[in-house]
Amino acid sequence: MLLFIKRLCILLLLTMVTQIGVYVALKTILDHKSEFRLSRYFRHPLHQIYILGNSRAVNSVNEQYATQSRHADLINLGFNGMNYQTIKALINDINAKQSNANLLIEITSLLEDKEDDNYAYYMGNSPFMHVQYKNTKYEYLHLMRLNNELFLRNIYYLRKSDADWVNKYTISENLIEETRTLALNDTTLGNRPLLIERMQNIVATCNQHNNKAVFFLAPYYPEYLKKLTQYPALIDTIQSLHTFTFHDLNTLQIPTNGFSDRIHTNVTSSLQISDYLLSH
Amino acid sequence: MVFNSINFLYFILIFFPLYFLLSRKLKLQNYLILLASLFFYACWDYRFLTLLLANVCMDYYFGIAIYNAQDPGSKKRLLNTAVIMNIGILFFFKYFNFFIQSFNDFTHIQLSSLNILLPIGISFYTFHSLSYTIDIYHNKLAPTRDFVAYASFVTFFPQLVAGPISRAKDMLPKLTTKRKIDAERMSSGLSQITQGFFKKMVIADTIATFVDPVFNNLPMVSDLSILLAVIFYSFQIYCDFSGYTDIALGLGRIFGIELKVNFNRPYFSKNFSEFWERWHISLSSWLRDYLYIPLGGNRKGTVRTYINLFITMLLGGLWHGASYNFIIWGALHGIYLIIQRLFKFKLPGLIAIFITFGITTLTWIFFRAQTLHDAMYILQRIFTLHNKQLTSVFTVIKLFYLTGTLLVLDLLIVNYFEKVNRKALIINIVLLVHILLFSTFSGNSFIYFQF
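In order, the protein sequence lines correspond to chains A and G.
Going left to right, the first sequence walks through residues 1 to 280 as the numbering used here numbers them.
Going left to right, the second sequence walks through residues 1001 to 1451 as the numbering used here numbers them.
It is worth saying that the hints were derived from the structure and are not from the lab.
Note that the Cβ used here is the ideal one computed from N, Cα and C, for glycine as well.
Any given hint could be a false lead.
Chain G side only, calculated, beta carbon under 8 angstroms to chain A, not exhaustive [unchecked claim]:
#1 1103
#2 1183
#3 1186
#4 1190
#5 1396
#6 1397
#7 1398
#8 1425
#9 1427
#10 1437
#11 1439
#12 1442
Non-contacting residues of chain A with respect to chain G, defined by C-beta distances greater than 10 angstroms in every case (computed) [to be verified]:
#13 15
#14 19
#15 108
#16 139
#17 147
#18 158
#19 173
#20 226
#21 278
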């Protein structure tokens, strides 16, 4: 019995040591080599323009086009489902390192509150990212920080950059038809007081560090936008406050082939949106 | 309380020291096993505890009565009563609504169904008990007079809800005589548990994150996604069930109560009879001994052999659940076995393995699909394969890697846990590292719990 317990302890101890070793090795390699956006940011954090938000931000601004054709010093830090807590952590991180920068934030992302363990991957890269996962399993089981999609993406982007990551597809006829008949109980843009409060917090934080927060609402497929009953009130509220620099990109008249689905634009329209945001 | 939950860890942390404190008192240790097993079962649904205990009492006393009966007629009557009562309870809870619904569909008469919940593990513990009374009837076993030992055999928590299906003649001696527990065997059990958690938490649960959304949204996903989901499901169900079995066997080893092997690398089978000698061995051998052979087995001519095979596999399918899909799944395997006997194919090893795996995989569609219509729809989509778009590329790459590790486990380091040496220690560490790196930690239930 004692021998068994001794063996069990040895196994657990060696596993703990190994998992730290594997974590350090993998993280070091990926941090140095991966061309995934957040790894690129933590390696070279200083830029003039930062894009922040969820998949709607990812698909709105074409980083490759902006940097190569428009020669803008821009990095798109958007990621699918990015929540407010992560956006806040990234803004704090940018503010701590940089001033006189423009932070372009897609506003629907500010209403994302779903817990997301993906970003535990970067808890060792920034004290602001770390704070989200303090006193959790990630503090002690280092390797679990890599147990997520960001780890896989970092491996995938070892040999190429994700600067061209924008949807390539065009919205299907089926989805267009479905959208026409869709009965939507719109809660997407409903919580205006919370959104305004978060926007004000971001503006205040950025102002303290001489950075400029610019907000935008990425385009919706027009038929779908008509079903978002809270949309007009949201725009009215934001514009009536006169405290935010805000762009409603639904005014850009994106053609049908510029959408990949109801809520995401694609590579075609990303050029138009990027041009608009860079020139405003 | 699933094995892959924090509650089970607490449960084991309390049970384990108590069990070893009582290592010199067999009777008390059996009481502890029984109490712990009943508590384990009550954590699922305490309402069915009485049903479980009723089953235990019923077969315990039937065993004694059959043994004590003087004339063969009485023995037979008692056995028939025991079988009817066991199967009757199983039928009522598991199949009653299905047959009412089928009757309604065929006759257009509207008999009302009952609101019945399926008691977890009922198919498994009914088969544990049945083997006991049938073996006593056939004089293969004398009934035990130790109720606690018998009850511990039926309810032993590692095997209670999803097997392996144990036989009393194998298990009772382990509960009625002093158990040998040594560090080597315990360490080996620990390694097997590690392998089980790896298969379940890393492979099966990760595959589930891809397969479940595909099967739940068939019209919305591409043909290629459906094809991949069908292939990966073969690995999911194998790793889910054999992972559970590894944990159960590992726990048994640690407690000195070894359970029977239930899987032997089934996807390396070269034909279907070999497959059924390697897949869910405890069920297939139970069906062979208590159904196929009593039906006449292969002793009554070729045609009867085929009919017996077909009935056995059909009922084996029905054992899994009250649905036409399971019946078709079982029937198809029956047909494969008949065809194999009819034509006696001889193919080169690798080709035979590949074909057997391919057909088994296609047959799993009936097992996994929610309806027969879905199963046919899936077959149609994967054979046309028009839309080859793939959205979850990262998940798919991860799944290919993980199924690759399964191949290594089943091909290069098979049964590594049997030995306690430095190699086993290193493999355990690698598996634990994989659990930290890839496991979903979702606490998913095991697929076979629903049966």
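Would the hint on residue 1439 (chain G) be counted as holding, given a Cβ-Cβ threshold of 8 angstroms to chain A?
holds (7 angstroms)
Cβ separation check - residue 108 (chain A) to all of chain G, threshold 10 angstroms
At roughly 21 angstroms from the nearest Cβ of chain G, residue 108 (chain A) sits farther out than 10 angstroms, so the non-interface label holds.
Can residue 1442 (chain G) be said to touch chain A, with a Cβ gap under 8 angstroms?
violated (12 angstroms)
Would you check whether residue 1425 (chain G) satisfies its interface hint, that is, whether its CB is within less than 8 angstroms of any CB in chain A?
holds (7 angstroms)
Interface hint check: residue 1397 (chain G), Cβ to nearest Cβ on chain A, cutoff 8 angstroms. Holds or violated?
holds (7 angstroms)
Non-interface claim for residue 158 (chain A) versus chain G (Cβ beyond 10 angstroms)
holds (13 angstroms)
Confirm or reject the statement that residue 19 (chain A) sits farther than 10 angstroms, beta carbon to beta carbon, from all of chain G.
It is violated; residue 19 (chain A) is separated from chain G by about 5 angstroms at its closest Cβ, not greater than 10 angstroms.
Outside-interface status for residue 226 (chain A) - nearest CB in chain G farther than 10 angstroms
holds (23 angstroms)
Does residue 1398 (chain G) pass the interface hint, meaning its C-beta sits closer than 8 angstroms to a C-beta of chain A?
Constraint on residue 1398 (chain G) satisfied, holds at 6 angstroms.
When the least beta-carbon distance from residue 1103 (chain G) to chain A is tested against 8 angstroms, hint result
Hint on residue 1103 (chain G): violated, closest Cβ of chain A at ~38 angstroms, above 8 angstroms.
Looking at residue 139 (chain A) again, its CB stays over 10 angstroms from all of chain G?
Consistent with the label, residue 139 (chain A) stays out of reach of chain G, its closest Cβ about 14 angstroms off (over 10 angstroms).
Is the hint on residue 1437 (chain G) kept, meaning its closest Cβ partner in chain A is under 8 angstroms away?
Since chain A brings a Cβ to about 5 angstroms from residue 1437 (chain G), closer than 8 angstroms, the hint holds.
Against the hints set out earlier in the document, violations occur for numbers 1, 5, 9, 12, 13, 14, 17.
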